[in-house]
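> Modelling step: build the complete structure from the supplied sequences, incorporating the hints.
Same order as they appear, the protein sequences are chains A and B.
The opening residue of the first sequence carries number 3 in our numbering; numbering runs sequentially from there.
The opening residue of the second sequence carries number 4 in our numbering; numbering runs sequentially from there.
One or more of the hints may lead you astray.
Stated by the list, open to error - Pulled a few chain A residues facing chain B out of the computed Cβ check, cut under 7 Å:
#1 30
#2 38
#3 75
#4 76
#5 77
#6 191
#7 192
Keep in mind the hints are simulated off the structure, nothing from the lab.
Just so you know, these numbers come straight off a predicted model, no measurement behind them.
Positions of the beta carbon are idealized from the N, C-alpha and C atoms, including for glycine.
This is what each chain is made of:
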Amino acid sequence: MACVVLSLVGISAAPAAEMVRIPAGDYAPPLRAAGEPERVAVAAFLLDERPVTNADFLRFVTAQPKWRRSRIAPVFTDEAYLQHWAGDLELGPLAPPCAPVVRVSWFAARAYARWAGKRLATTAEWELAAAAGFTRADGKNDPELKHAVQQWIAWPVPAILPDAKRARPDFNGVRGLHGLVWEWVEDFSTAMVTGESRGDSGLDRDLFCGAGAVGSRDPGDYAAFMRLALRSSLTARHTTTSLGFRCARDVPEDSSP
Amino acid sequence: MKATAWLCTVLFAAAAMAAPPPMEDCCKEAPPAGPVSARSIYQLDATFCSDTGQCLPLAALRGRPVVLAMFFASCGYACPRLVTDMQAIRGRLPAELRDRAAYVLVSFDPDRDTPAALADYRRQRALDGAWMLLRADSGAVAELAALLGVKYRREPSGNFAHSNLITILNPEGEIVHRREGLGGGLDEAAQAVVAVGKGK
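Written out as C-alpha cells, the structure reads:
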C-alpha cells in the first residue's frame, strides 16, 4: 500500500513550469561553417516560461533515483553535481526551492526533460527566444534589455540564486533568459570554437573533419558571443554554479498559430 | 506461489532439454552478471539497431573488448579511413582476440543510414560478423557522442562535421584508450585491446 501511495505522489508531482509559444523566426550564428547560410530558419516552438527550479529538480530525482546525487553514475557528471543541496532529497539553505537549479550536467538536464515529456531547446531556438526584448519582439533595439544583459555579465554569481519566477518577463512572457543563469542547450557541443577539447590543438583537419571551414561573423552581440564561448568550453559532464536549464517542446501539429 | 514454482520447473526443464553448448563456449560467451560499472558507457539507457534489424542496448556488448567509432555511411573523407584504421587494429591482434573483440560503427545519420543503407555499407566494405553497424535516434546519438567526447554537427549539405575518434572499451564498457585523428596510433590502440582482452 505504501508503495502505491509513493508512486502516486511521484505521478502527481508533474513539473510545474508553464510553456510559452515562441513564434517562428531566424537565428544568425556568431560563427558558421563555409556554405552555411547566414541565417537559420527556426520553427515556432514551446519554451518553459522560467528555468527549472530546485523544487522541480527535487521532484525529478525523487521519481528517478538514479539521478540522485549519491547515485548518479560518474560517466554522467563531474563531482560537483548538486553539491549545494543539503542531501540527496533535501535542498537546504543554499538551494531555495524557487531558485533555478544549477550544478547539473547536460546528461542530467536531458534526463529531466525526457522525464517531463519535453526536450532541451536547440541553440538556434534558445537564441531566437533570447533575442526578444522586454517591450518589443526584437530586443536588438531595446535599450532596457541591452542594459540588463550588460549588468548581468558584469555581476558575480551570488551564492544563493534569486527566485526564477520573479524575473522580469520578456515580450513573449519568458523569464530569466538574461540575468539569471546560463542554460544548457541540446546541441551545445556543436559550438566548435576549437576541435575536440581533450588533448588536441585546434582545427587540424585530420582531427576534426570539416572544422577548418568555420569562419567568424560580426561579434556585435557580445552576450551571444559569451554564450558561444561558454558552450564550446563545456563537456556534457560539466556542472557549474551558474549553469542551469529549461525545457522546450515542439508545437503540437494540430495547433494553429 | 504454486504457479510460480510450476513455471520455474517448466522453464528449467525446457532449458535442460535444449542442447547445451560445449562448456568452454558457454563460459566464454556468458555476459558478466551484476550491475554495469558506474564508469561504463553502457550506463547509457538507449536502444541501438543494427543493419541486421537487431535492436539492443549497448550493454549487449558487455563481456568483449570493443573497438568503436562514430561515422556516417555517405562520408567521403574521414570515415572510410576510420574503418580502414579499425581493420588495421584488428589485424594487429592475436588470432584468438581478433574475432572475439567487437568492431562497432555507430552512425551520426539516422535519417540516411537506414538498416538497408548500413547493410550496403557492410557489403561494400566486406565487413564480417565481428562488425556491428548501428543506428539510433538522434538523442541517443548525441548522448553516445557526449560520452565518448565526439563532437559533430550536421552541415547544410546533409553531411556531418565530426571529430575522428576510435575508442577502445574494456569488457565492462569503460573507455580505456582513445585514438584521436587519422592514421598513426594503431599499435597503441591494438595494445589497449590486448590489455583488456587477456584471459579474465
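> Confirm or reject each hint.
Evaluated hints:
Nearest Cβ of chain B to the Cβ of residue 30 (chain A): about 14 Å, over the 7 Å cut. The hint is violated. Evaluation of the residue 38 (chain A) hint against chain B yields a held restraint, the C-beta minimum of about 5 Å falling below 7 Å. Taking 7 Å as the C-beta contact cut-off toward chain B, the hint placing residue 75 (chain A) at the interface holds, the least distance being around 4 Å. This hint holds: residue 76 (chain A) has a C-beta 6 Å from the nearest C-beta of chain B, less than the 7 Å allowed.
Restraint check, residue 77 (chain A) versus chain B: the minimum CB separation of about 5 Å is within 7 Å; hint holds. At its closest, the beta carbon of residue 191 (chain A) sits 5 Å from a beta carbon of chain B; the interface hint therefore holds under the 7 Å criterion. Taking 7 Å as the C-beta contact cut-off toward chain B, the hint placing residue 192 (chain A) at the interface holds, the least distance being around 4 Å.
Of the numbered hints stated above, the single one contradicted by the structure is hint 1.
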